[in-house]
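**Student:** These protein sequences, in sequence, are chains A and B.
The first sequence maps to residues 1 to 113 in the numbering used here.
The second sequence maps to residues 1 to 114 in the numbering used here.
Rather than coming from a laboratory, the hints here were simulated on the basis of the structure.
If you're wondering where the values come from, they're calculated on a predicted model, not measured in any experiment.
Treat the hints with care, as some may be off.
Claimed, not checked - Derived pair list, reagent style DSS-like, types lysine-lysine, alpha-carbon separation capped at 30 Å:
(1) A:K108 - B:K3
(2) A:K105 - A:K67
(3) A:K56 - A:K67
(4) A:K67 - B:K18
(5) B:K57 - A:K2
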Amino acid sequence: QKEVEQNSGPLSVPEGAIASLNCTYSDRGSQSFFWYRQYSGKSPELIMFIYSNGDKEDGRFTAQLNKASQYVSLLIRDSQPSDSATYLCAVKEAGGSQGNLIFGKGTKLSVKP
Amino acid sequence: DVKVTQSSRYLVKRTGEKVFLECVQDMDHENMFWYRQDPGLGLRLIYFSYDVKMKEKGDIPEGYSVSREKKERFSLILESASTNQTSMYLCASSFHGQGGYEQYFGPGTRLTVT
């Protein structure tokens, strides 16, 4: 069973700090990696995707991918209370059914004012 | 912007009723998905479809069926609703192609079966 693992949290950081969210995956051949943000009672919203090893930056968000270690992370700089949400990591496995993603159970982030 | 809409935000049904949940996307996506989300269990895939009239079982298809008669519309059917189907139901869609596959979600339907 291919898996995506995330620490469930809650991860608590003070306002203005860097929040670091981590995700590991079991399928070494995985190709595409996604981060979703989900506010309580709402649906997941895509915030980042990354396909290549290294860093990808978008505003205050940076996704980091290390395929050798099967590890993907999301950094949120200058964290704001509005960043408080659950963050889901998703992985497109190699050779998997068309378009299917494997989702982690999410990490709950709390940013304290 | 990708837009995925779902027919209801909240729904209350009685045990044994037949329930229809509809999902419509406006981006000409080939792939469409139905998930349910429960506390502590994460997102679980019920059914998916990669083309009109095509459907594939996900991880938890029991008690559900789907219909995709048009590319933009994917329906989830609870044949005889039971209390253990009380959940948040999420529809998503995505392109099919190299390097893509990012899924876009609708707002969700919170279904309560009493």
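**Student:** Starting from the hint list further up, note which numbers the structure goes against and sort them upward.
**Tutor:** Result: hint 4 breaks, nothing else.
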